[in-house]
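Novice: Residue 85 in the working numbering sits at position 85 of the sequence shown, and the numbers go up by one each step.
The hints are simulated quantities; they were obtained by calculation from the structure and are not laboratory data. Beta carbons: idealized from backbone N, C-alpha and C, even for Gly. Some hints here could point you the wrong way.
Just the calculated beta-carbon pair ranges, DEER-fashion [as the list claims (entries may be wrong)]: (1) 362 / 318: 16 to 24 angstroms; (2) 90 / 316: 36 to 44 angstroms; (3) 448 / 92: 28 to 36 angstroms.
SDA-like cross-link-like pairs, simulated, lysine to any residue; straight-line CA separation at most 25 angstroms [as the list claims (entries may be wrong)]: (4) 23 / 103; (5) 365 / 402; (6) 23 / 75; (7) 466 / 477; (8) 234 / 275; (9) 16 / 461; (10) 341 / 290; (11) 341 / 421; (12) 296 / 279; (13) 218 / 251; (14) 218 / 75; (15) 386 / 277; (16) 218 / 286; (17) 218 / 402; (18) 296 / 205.
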Amino acid sequence: MGQEYEPQNGFEKSAKFYLEAAKFALATDRDRLAMHLYRAAFEVENAQDKTPSPEVIDGLRRAWDIACDNSDRSSAESIFGELSPFNSTQQNEQAVLRLQSLALNQLEDMGITESDIENIATAFTGELDEDETPELVDSLKDILENIGVAVEQGDVELAVRTAEAEKAGDGKSAPTLSEGLIKINNKLQEMRKHKGEGNSDNPPINYRTLVGFDNALKRMREFGFMAAGDDGFKTFVERSAAMHGVAPLSLESSFLFYGPSPEDVNLFAQATASEIGIAVIDVVVDLDPDGNGTIKLAGPFKRNFFGGPPDYMSMPTPCIILIENIDHLQCMFNNEAQAIKQQGGYQQNTMGGRSMQAEIIGYLKALRQRPGVFIMATSQHTGTLKNPLLELLGPLHELEIADPQEAERLDVLAGFAEEHPSFMDMDLGRLANLSSGLSRRQLVEVSFAAVESSYRESLRTGRYNKVEIADVLFNMAQYLNHDTPLYKQVEDEAVAQLYKDIEEEML
Numbered sequence: 001m002g003q004e005y006e007p008q009n010g011f012e013k014s015a016k017f018y019l020e021a022a023k024f025a026l027a028t029d030r031d032r033l034a035m036h037l038y039r040a041a042f043e044v045e046n047a048q049d050k051t052p053s054p055e056v057i058d059g060l061r062r063a064w065d066i067a068c069d070n071s072d073r074s075s076a077e078s079i080f081g082e083l084s085p086f087n088s089t090q091q092n093e094q095a096v097l098r099l100q101s102l103a104l105n106q107l108e109d110m111g112i113t114e115s116d117i118e119n120i121a122t123a124f125t126g127e128l129d130e131d132e133t134p135e136l137v138d139s140l141k142d143i144l145e146n147i148g149v150a151v152e153q154g155d156v157e158l159a160v161r162t163a164e165a166e167k168a169g170d171g172k173s174a175p176t177l178s179e180g181l182i183k184i185n186n187k188l189q190e191m192r193k194h195k196g197e198g199n200s201d202n203p204p205i206n207y208r209t210l211v212g213f214d215n216a217l218k219r220m221r222e223f224g225f226m227a228a229g230d231d232g233f234k235t236f237v238e239r240s241a242a243m244h245g246v247a248p249l250s251l252e253s254s255f256l257f258y259g260p261s262p263e264d265v266n267l268f269a270q271a272t273a274s275e276i277g278i279a280v281i282d283v284v285v286d287l288d289p290d291g292n293g294t295i296k297l298a299g300p301f302k303r304n305f306f307g308g309p310p311d312y313m314s315m316p317t318p319c320i321i322l323i324e325n326i327d328h329l330q331c332m333f334n335n336e337a338q339a340i341k342q343q344g345g346y347q348q349n350t351m352g353g354r355s356m357q358a359e360i361i362g363y364l365k366a367l368r369q370r371p372g373v374f375i376m377a378t379s380q381h382t383g384t385l386k387n388p389l390l391e392l393l394g395p396l397h398e399l400e401i402a403d404p405q406e407a408e409r410l411d412v413l414a415g416f417a418e419e420h421p422s423f424m425d426m427d428l429g430r431l432a433n434l435s436s437g438l439s440r441r442q443l444v445e446v447s448f449a450a451v452e453s454s455y456r457e458s459l460r461t462g463r464y465n466k467v468e469i470a471d472v473l474f475n476m477a478q479y480l481n482h483d484t485p486l487y488k489q490v491e492d493e494a495v496a497q498l499y500k501d502i503e504e505e506m507l
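Could you put together the complete structure from these sequences and hints?
Specialist: Structure, rendered in structure tokens:
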């Protein structure tokens, strides 16, 4: 292609450079490389805050065609987001149809047909004909229970055996949902083989995978936790429980975990629930700035397609009900009570004919009264809950998940460095000392922001760029109170480090 296109001579070029490079890639049958180069040309002009030229837009359209022709739905969706402002209404409509076609093709590769998708849509809209009901129920059972539940629980062997038996019995050669299950199982096996058994990218959340919670974990020993992996302590807990006539794990009272960082508190609560080893029903309460709340449920229960909460009688017991951000739920109740008061006592009822508070409390009480159901909850503050939430929780253990101490912050940074080798050159002790007041989540965020910045700079310049401690300090400063001596110290350290880095580059 010529020396002008060699990376070391032309890494930092204009959009025209990338367009020419893309044409060369197409001429040499490297379509996917051309797609990325066309997108790079667009990013160069877009980063300069000017309207991309017609040539760049045409290149982006070529990238779109390449992604679609290669069935690369992920890239096609990203390109569509960049291209849509420059499309006509008709072009956008055609692009959406093409994306839908890519999605359907991917589902069909898994054995899920267009008819199956229509059945699910029918169930959600509630348009059920009496004659269609048996077939629809069977279809939903195959798709949602076998695929959604059996695969999530790792119990695909039973589903596959059933699928193979069905296939052998009818003798049909046309693709079926059963064949779809077999394909899904084969895909899972390929993924496990590729990753390696026991080498998951997302290890389970439990006390053995938590980092930076030493003080909180010590508190949990008082309730019989921390026995997993410690045979001596496990034996001691079992013997002590037998002598006192109590359960090894203290679950008769509810647990309320609270602290300044909701992310840290929720993570610790999730690990605690996982440590017990029984089913977990996760109730996540979110609140927007106006005080409007949403409640999301996750867990091993049957979905209700036609409105209302899931069937709590289908939930396995024993189980843990984990209510994340229960203080948000209290805020929702307070807002509803205030609205009723302002409306002169008029109550806006739910579909069930009751107030929102009565609806939610009634549902949670129905869960709570089942044998073997225990409650854990999280909150940012303590002392904010009122009846009937306090009555629902019953006897309560309140445990504070405070911001990490210096030793815990060092553990968090060391754990982060293990996953990001470029971070190992950092003075972790210095960072741990300067990051007082940051939560564990914030500490990871500022560290990752510095790593990502260094990585992007490496791609931009075409050479490896190490992670600079000044970047970490600058990111850290945004979370600190600007009126504190610590902020002044971090700011001074960041500026001094920046000057030092500049001097080293000039030498």
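Novice: All hints, please: hold or fail.
Specialist: So, going through the hints one by one against the coordinates:
| no. | hint | result |
| --- | --- | --- |
| 1 | 362 / 318: 16 to 24 angstroms | 22 angstroms, holds |
| 2 | 90 / 316: 36 to 44 angstroms | 52 angstroms, violated |
| 3 | 448 / 92: 28 to 36 angstroms | 34 angstroms, holds |
| 4 | 23 / 103 | 29 angstroms, violated |
| 5 | 365 / 402 | 30 angstroms, violated |
| 6 | 23 / 75 | 19 angstroms, holds |
| 7 | 466 / 477 | 21 angstroms, holds |
| 8 | 234 / 275 | 13 angstroms, holds |
| 9 | 16 / 461 | 18 angstroms, holds |
| 10 | 341 / 290 | 18 angstroms, holds |
| 11 | 341 / 421 | 58 angstroms, violated |
| 12 | 296 / 279 | 17 angstroms, holds |
| 13 | 218 / 251 | 17 angstroms, holds |
| 14 | 218 / 75 | 47 angstroms, violated |
| 15 | 386 / 277 | 30 angstroms, violated |
| 16 | 218 / 286 | 30 angstroms, violated |
| 17 | 218 / 402 | 13 angstroms, holds |
| 18 | 296 / 205 | 20 angstroms, holds |
The structure fails hints 2, 4, 5, 11, 14, 15 and 16 (numbered hints given earlier, in ascending order).
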